[in-house]
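Undergrad: Sequence:
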Amino acid sequence: MFNFLINKSYRNIENYRRIVNTIKAFDSSFIHYSDIELQQQTSKLKEKLRNGKSLDNILPEAFATAKEATKRILGLTMFDVQLLGGIVLHRGKIAEMKTGEGKTIVAILPAYLNALTQKSVHIITVNDYLAKRDAESAGQVHQFLGLTVGLIQQTMSAINRKEKYNCDITYVTNSELGFDYLRDNMAIDTYDIVQRPFNFGIIDEVDSILIDEARTPLIISGPSEASTDKYKTSTIIANQLIKEVHYEIDEKARNTTLTEAGISLCEELLNVENLYSIDNPWTQYILNSLKAKELFLIDRHYIVRNNEVIIVDEFTGRIMEGRRWSDGLHQAIESKENVEIQKENQTLASITYQNLFLLYKKLAGMTGTAKTEETELDKIYKLEVIEIPTNKPCRRKELSDLVYKNEYSKWEAITNECYDMYQIGKPTLVGTTNVEKSELLASMLEEYQIPYNLLNAKPENIARESEIIAQAGRKFAITISTNMAGRGTDIILGGNASAMAKLVLNGYIKQTFYSLNNYQQNAIDEDVKNILETLNNYPEIIKIWKNIDIEEVEKYLLNLTYAGKKLNDTDKKIQKIYSKILHIYSKIFHKEKEEIILLGGLHVIGTERHESRRIDNQLKGRAGRQGDPGSSRFFLSLQDNLLRIFGGEKISNLMQTLNIDENTPIESIILTKSLDSAQKKVESYFYDVRKQLFDYDEVINNQRQAIYAERKRILQSNFTRDCIIEYAESTIDEILYFHEKEKVIENKENIVKQISELLNLTQPINITNWQNMNHEQIRIFLYEQLRITYDLREGYLEQLRPGLIRQLEKYYLLQQIDKAWQEHLEKMTILRESIGWRSYGQQDPLVEYKNEAFNLFISMVTYIRQTVVYLTMRSRLIVNLKE
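In my numbering, the protein residues as written are 1 to 883.
Source of the hints: derived by calculation from the structure; they are not laboratory data. Quick caveat, the model's predicted, so the values are computed rather than measured. A portion of the hints provided could be inaccurate.
Claimed, not checked - Now the in silico label distances, taken between C-beta atoms and shown as ranges:
1) 250 - 719: 54 to 60 Å
2) 80 - 166: 30 to 36 Å
3) 726 - 104: 29 to 35 Å
What the hints assert, rightly or not - Once the Cα atoms are required to be at most 30 Å apart in a straight line, the calculated DSSO-like pairs of lysine-lysine come out as:
4) 232 - 162
5) 379 - 680
6) 712 - 680
7) 673 - 405
All C-beta atoms, glycine included, are put in the ideal place defined by N, C-alpha and C.
With the hints as constraints, model all of the structure from the sequences given.
TA: Shown next as structure tokens:
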């Protein structure tokens, strides 16, 4: 009756439920299969595909196979909602599944199905930790079913990368995937290419990668010869400039501008006539130093470790090893912090995440929070967001936000809230926006003598991440964490027994056999200690530890816990010890869970509204997983960045009018609406930033695809002579076209001179017969001269060494393409920075950018052709006869 009210997402889910029933029908028969029979399903399904069946035809059988294998290997039975999620991913959509619904396990289903085609399947995660964890756990299921699983890690060699990308399923981080793509398109030999063509990609934490990361392009750069002296001078000058007098700050756009007074003072201090001089530019250096001074703060945007500035990811709170800010900003921050200034880099290749992921034939993603950004995901990536219902109803209480007049009152209230929660024993998770704030709260809790665990970008805290999260759901636990996105570990009420058992066993092994002191005696139950000490009674176990690399201890312990793993006698003894420890913790944690449920579950405290509602939702989502009770509340102040920059004066005026005390918070519907409005403004602003980046990069992306396609054609060609001849003929056509266009075709001498220089002719072309030739006859004649000259050149080089001409051709082609492309990227950057001024002349900057970019591209292509032909025809080689 009310079918017209049912939304599209609901209709999709109802259609998919029919497929779920078919999967379960297959699964009921697979339960009785032996391991060998279940493993044979892979070859049977591949055979069906070869016989004309589509992936959709075999989906129920394939999903049922993977579901049963998951149960046998990992000991996990998939819920119906996880099967729904798998179908959504296979259909190339985004599955929005709440925290704790088992997204990692869901990816097993579509990955297995699509890997049967023997084309690449990539599972893309936000960090190395998650990629490694998923490859080692979920990867066991795929290996059991006869598929190969690869894992890409930051330190891997090119040979290893190639091997891993050639696997049926590859786990990789978004940044490694992008950098490998760029490196492949800079390769000078087909053997150096590591990736296969992009086929199917599943992105974990899809909103984090496609939305948050999409503001920053991936760049491969090489050292520039520019001096670093200017950065030091600029830092000294920036420290002498006064805010609002010499410069202004736009916090929304994260930008700085010099005033007239500022420009004059800078010119006086530098003793230069023009700060904007092309011959001796200073502006960019000064502006970067001002940004470093005002907008980029230590322990918020970066940390300093081992005399090095390392970026902190604002969305996940993790450090980003090897990543640097571009355009001289990183050097300005290094100068500010008085650490060694590394040389500025020149861009060799770049791509945005938008255009990288649009290379996939089919793309899918999963996250707990994507609905707020579904418009952008649909417009840019053509990805529909489907909300998957939770396995059990959500019982989380979302309490009203409390807003305080100043920041100190807010932090005092948060500390008091933590104290109250600690007194009743309710586990509490406090989410902070940066390292600095997390350490402020930690010091305040110390004053109250409240024990806590701190998880932020500092290396000593990252090392204990899994241990901290494993215990975050325990009674009396207070956990302070920078943003919770991409942590990859659920907070289980009462504690995570399996994670804790592995941690304790791993810690004991590392301390006892490797003398590493990360084993915390005070965290271990007395019965568990007694069990651990029995390890010393087994010399064969000690022998195993001596022969195992310390980095592999965790993986070894992980493998012991899989139900389908075949173990030898020694492994079985270790597994028995692990099982005893697990049993003790399961009893302790189960009892604690029941007590915590009566207390109301995990309590989440937000210390600041984030720029995006999604990040807030991710934090809230840590409470109330799998039908557990939970609660969340945000504590805010008028001095918070969001309210200060985007919130306007409405709330501040309200508090002044009501004459509210500094320690008294307000909570109201007006307040909540104002906050939501502020967040929507920020989301809209950053969407515009990303959309603009996408629109502009789309122009260069078309050029990038053309250049990369040409490079690939050359790399794969065994006979590059045709390419050189093609380039030379195109150059002849361009010269003739120019002369015809300029009405100087009669001036045969000019044409002859240009062609002679191009082809390096020792004898001038005889033009006595040209008077009676038309344009087409001249063109054919020049083509003939080109081929004769090139045959002579080829014969000369072949005499020196057979095959030398082919190597020379390929070398010049790739060298000149790469060189010209790098120079082109620099020109495009300058064009992009300056094109905005065209709007003052009533011109659309994007249209102007497209036109100018096209002209630059044509010039580049012409330059490549002419230079390659010129160099090939003029090469003089000396062969070492002693070789």
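Undergrad: CA of residue 712 to CA of residue 680, is that 30 Å or under?
TA: 44 Å, violated
Undergrad: Check whether the Cα positions of residue 379 and residue 680 lie no farther apart than 30 Å.
TA: 18 Å, holds
Undergrad: Between residue 673 and residue 405, does the CA-CA distance stay at or below 30 Å?
TA: 18 Å, holds
Undergrad: How does the Cβ-Cβ distance of residue 726 and residue 104 compare with 29 to 35 Å: does it lie in that range?
TA: 50 Å, violated
Undergrad: Is 54 to 60 Å a correct range for the gap between the Cβ atoms of residue 250 and residue 719?
TA: 56 Å, holds
Undergrad: Taking 30 to 36 Å as the hint, is the beta-carbon distance of residue 80 and residue 166 inside that range?
TA: Since the Cβ atoms of residue 80 and residue 166 sit about 35 Å apart, the hinted range of 30 to 36 Å holds.
Undergrad: When you check the alpha-carbon spacing of residue 232 and residue 162, does it fall within 30 Å?
TA: 42 Å, violated
The structure fails hints 3, 4 and 6 (numbered hints given earlier, in ascending order).
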